[in-house]
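Please build the complete structure, drawing on both the sequences and the hints.
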Amino acid sequence: MTTFKRASKALTSKFSAIYTCNFHPVTFLSHFSYTHNASFCSRPRQNNKEASTIDLNQYPSDNIRNFSIIAHVDHGKSTLADRLLELTGTIRKGHGQPQYLDKLQVERERGITVKAQTATMFHRHKFLGSDTDFLLNLVDTPGHVDFSYEVSRSLAACQGALLVVDAAQGVQAQTVANFYLAFESNLAIIPVINKIDQPTADPDRVKTQLKSMFDLNPSDVLLTSAKTGLGLEQVLPAAIERIPPPPGKNTSPLRMLLLDSYYDEYKGVICHVAIVDGALHKGDKICSAATGQSYEVSDVGIMHPELVATGILLTGQVGYIVSGMRSTKEARVGDTLHHTRTVIQPLPGFKPAKHMVFSGLYPADGSDFEALNHAIERLTCNDASVSVTKESSTALGLGFRCGFLGLLHMDVFHQRLEQEHGAHVISTVPTVPYIFEYSDGSKLQVQNPAALPSNPKNRLTACWEPTVIATIIIPSEYVGSVITLCAERRGEQLEYSFIDSQRAFMRYRMPLREIVVDFYNELKSITSGYASFDYEDSEYQASDLVKLDILLNGQPVDAMATIVHKSKAPRVGRELVEKLKKFIDRCLKLSYKLLLDLRSSLGRRFLL
Numbered sequence: 001m002t003t004f005k006r007a008s009k010a011l012t013s014k015f016s017a018i019y020t021c022n023f024h025p026v027t028f029l030s031h032f033s034y035t036h037n038a039s040f041c042s043r044p045r046q047n048n049k050e051a052s053t054i055d056l057n058q059y060p061s062d063n064i065r066n067f068s069i070i071a072h073v074d075h076g077k078s079t080l081a082d083r084l085l086e087l088t089g090t091i092r093k094g095h096g097q098p099q100y101l102d103k104l105q106v107e108r109e110r111g112i113t114v115k116a117q118t119a120t121m122f123h124r125h126k127f128l129g130s131d132t133d134f135l136l137n138l139v140d141t142p143g144h145v146d147f148s149y150e151v152s153r154s155l156a157a158c159q160g161a162l163l164v165v166d167a168a169q170g171v172q173a174q175t176v177a178n179f180y181l182a183f184e185s186n187l188a189i190i191p192v193i194n195k196i197d198q199p200t201a202d203p204d205r206v207k208t209q210l211k212s213m214f215d216l217n218p219s220d221v222l223l224t225s226a227k228t229g230l231g232l233e234q235v236l237p238a239a240i241e242r243i244p245p246p247p248g249k250n251t252s253p254l255r256m257l258l259l260d261s262y263y264d265e266y267k268g269v270i271c272h273v274a275i276v277d278g279a280l281h282k283g284d285k286i287c288s289a290a291t292g293q294s295y296e297v298s299d300v301g302i303m304h305p306e307l308v309a310t311g312i313l314l315t316g317q318v319g320y321i322v323s324g325m326r327s328t329k330e331a332r333v334g335d336t337l338h339h340t341r342t343v344i345q346p347l348p349g350f351k352p353a354k355h356m357v358f359s360g361l362y363p364a365d366g367s368d369f370e371a372l373n374h375a376i377e378r379l380t381c382n383d384a385s386v387s388v389t390k391e392s393s394t395a396l397g398l399g400f401r402c403g404f405l406g407l408l409h410m411d412v413f414h415q416r417l418e419q420e421h422g423a424h425v426i427s428t429v430p431t432v433p434y435i436f437e438y439s440d441g442s443k444l445q446v447q448n449p450a451a452l453p454s455n456p457k458n459r460l461t462a463c464w465e466p467t468v469i470a471t472i473i474i475p476s477e478y479v480g481s482v483i484t485l486c487a488e489r490r491g492e493q494l495e496y497s498f499i500d501s502q503r504a505f506m507r508y509r510m511p512l513r514e515i516v517v518d519f520y521n522e523l524k525s526i527t528s529g530y531a532s533f534d535y536e537d538s539e540y541q542a543s544d545l546v547k548l549d550i551l552l553n554g555q556p557v558d559a560m561a562t563i564v565h566k567s568k569a570p571r572v573g574r575e576l577v578e579k580l581k582k583f584i585d586r587c588l589k590l591s592y593k594l595l596l597d598l599r600s601s602l603g604r605r606f607l608l
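Note that full-length UniProt numbering gives residue 81 to position 81 of the sequence shown, counting from 1, and the numbers run on in steps of one.
Quick caveat, the hints were computed from the structure, so don't treat them as lab data.
Do not take every clue at face value.
With a straight-line cut-off of 25 Å between C-alpha atoms, the simulated SDA-like cross-links for lysine to any residue are [to be verified]:
(1) 249 to 156
(2) 568 to 578
(3) 126 to 241
(4) 566 to 542
(5) 354 to 366
(6) 354 to 222
(7) 329 to 152
(8) 227 to 249
(9) 524 to 572
(10) 267 to 453
(11) 566 to 456
(12) 457 to 373
(13) 93 to 240
(14) 443 to 349
(15) 354 to 392
(16) 457 to 440
(17) 443 to 460
(18) 443 to 464
(19) 211 to 221
(20) 568 to 537
(21) 581 to 366
(22) 566 to 530
(23) 249 to 329
(24) 267 to 383
(25) 329 to 364
(26) 126 to 240
(27) 579 to 521
(28) 249 to 176
(29) 227 to 244
(30) 443 to 453
(31) 581 to 567
(32) 126 to 234
(33) 329 to 388
(34) 267 to 294
(35) 457 to 481
(36) 581 to 571
(37) 524 to 494
(38) 566 to 407
(39) 249 to 349
(40) 582 to 572
Right, dumping it as structure tokens:
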């Protein structure tokens, strides 16, 4: 019940906003001294210098390779990216911070990647009998299931991917998910077994897993240790030789794909783009295919790995542009940008982010609403995948209903609000979107349980809840315990097989409501931490749902309302009350009621 702990702490403590800003200039071409800067929208001010030594005209599309690093959490993606940046002289060895591309404070504290980051590298390689200079665009992607949307966007700018697998842990759930994301995008996949220096490393077993799961040839697998540098000399040559160049045409009209955007307090909106066709120059006038608005390009360049102005971007290259956009809402991810007065066929773009979890955010002090509003606006400049709408609660006052990609995404958003903007919030219990149908044929989608009427005018005829397809990989000795857990969470088994003699692969269809609270923690607990878990959204399914209200002094508290399955309502209600008693003054009269059958026209109520 971290939500109630956060609420109790927020209500009983005095807070002081701490906001620091450490800035170190960036010395061009690899001499970096970087300290994280918690400035406006979490991005450091860039210290651009003249980039006269970089002439992008020397790199035709045949000499460009765009690739991403994909892997499960903690399999060494960011460390491998560091080593590749050092090998190409993009950063100097021993200077700057480890996991250089993980720039957010929350990323460094948790040891995870949240935002995909791009870096341009230059590398000379003997290709087709002669020494050739190549431009390599590297994208370091997140590994957690909540940020798979970041991965899919990154892969749209790539023609290949390094699939990194831990030599000791082997194939994990997110390894499977990321492989199929890359496979469906028709990318060339280079398998890399990392951390071969570990005492428990078993590369041969992992090769067998890659063969059985993905039909990847064991002879194509690269064996590396990003920590010690062992085997890294094979990675860049393999990327150059196995990954095709970008397919665009220099002579075609300009088309560029908008990959990401963020707000910089000095430059305004900075867009990350991939040039699919044509060329872009500083001073060009461009137009958005989605909005029809026109802009003039005031700055254009590459990430090397900081922003370096080049004045031009050519076909197949990935870089940034500054065009005078006033808000990141104008920069729609997946949009096609092109020259004004030209007619082009828009690029396919991306599927919109689907919000899986919703939670209410309220200021700990009601007078801080405007400050929280300002903090959320600034933070969403860099995280367009969060949906925000204003709402009010009789118990907590004015606040916001926010949609997130998952629980970790929600937790990271809360942490960034506190660390980067000094905001202190109370968050309600996370919920998922439900659909209710009434006798008059109307349907109501409910993201906030308090919005569901306790005594509807029309009879409720059907309820639907969202489901997910869950992938679970576990040691074979824990199969029985995991099957029992999934059955308790109303899971339907879809697939059950063995990767090898030691590990089992399972797929379940499960209600999203059953996994957003504590499923992952319980799964880790019963498997001694060895389970890996991933999920993708699926369809809605009919379910027997009820609304659970918590009453304080006889009055319902809308912020604590929740929707649960009928069979679990009594147990969930008792658990909520027992936990609330630990955090709320005992002198309050605490009771709760259960609306047991929403489909009954009488709206029967039962006090437990």
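Hint-by-hint comparison with the structure:
1. 249 to 156: holds, 17 Å
2. 568 to 578: At roughly 16 Å apart (the allowed maximum being 25 Å), residue 578 and residue 568 satisfy the hint.
3. 126 to 241: holds, 10 Å
4. 566 to 542: holds, 13 Å
5. 354 to 366: violated, 30 Å
6. 354 to 222: Roughly 35 Å between the alpha carbons, so the hint for residue 354 and residue 222 is violated.
7. 329 to 152: Holds - the C-alpha atoms of residue 152 and residue 329 are around 20 Å apart, at most 25 Å.
8. 227 to 249: This hinted pair is violated, its Cα atoms lying about 39 Å apart.
9. 524 to 572: Given pair residue 524, residue 572 holds - Cα atoms ~22 Å apart, limit 25 Å.
10. 267 to 453: violated, 47 Å
11. 566 to 456: holds, 18 Å
12. 457 to 373: Given pair residue 457, residue 373 is violated - Cα atoms ~35 Å apart, limit 25 Å.
13. 93 to 240: holds, 23 Å
14. 443 to 349: violated, 30 Å
15. 354 to 392: Satisfied, since the Cα-Cα distance of roughly 24 Å is no more than 25 Å.
16. 457 to 440: The given pair, whose Cα atoms are some 10 Å apart, holds under the 25 Å limit.
17. 443 to 460: holds, 10 Å
18. 443 to 464: holds, 10 Å
19. 211 to 221: holds, 10 Å
20. 568 to 537: With Cα atoms ~23 Å apart, residue 568 and residue 537 stay inside 25 Å; holds.
21. 581 to 366: Distance ~24 Å between residue 581 and residue 366 Cα, so the pair holds.
22. 566 to 530: violated, 32 Å
23. 249 to 329: violated, 30 Å
24. 267 to 383: holds, 18 Å
25. 329 to 364: violated, 28 Å
26. 126 to 240: Cα-Cα ~10 Å, so holds.
27. 579 to 521: holds, 18 Å
28. 249 to 176: violated, 33 Å
29. 227 to 244: violated, 28 Å
30. 443 to 453: holds, 13 Å
31. 581 to 567: holds, 24 Å
32. 126 to 234: holds, 13 Å
33. 329 to 388: holds, 13 Å
34. 267 to 294: Roughly 18 Å separates the two Cα atoms, so the pair holds.
35. 457 to 481: violated, 45 Å
36. 581 to 571: holds, 16 Å
37. 524 to 494: Distance of about 21 Å is within 25 Å: holds.
38. 566 to 407: holds, 24 Å
39. 249 to 349: This hinted pair holds, its Cα atoms lying about 19 Å apart.
40. 582 to 572: Roughly 16 Å separates the two Cα atoms, so the pair holds.
Consistency note: the structure conflicts with the earlier hints numbered 5, 6, 8, 10, 12, 14, 22, 23, 25, 28, 29 and 35.
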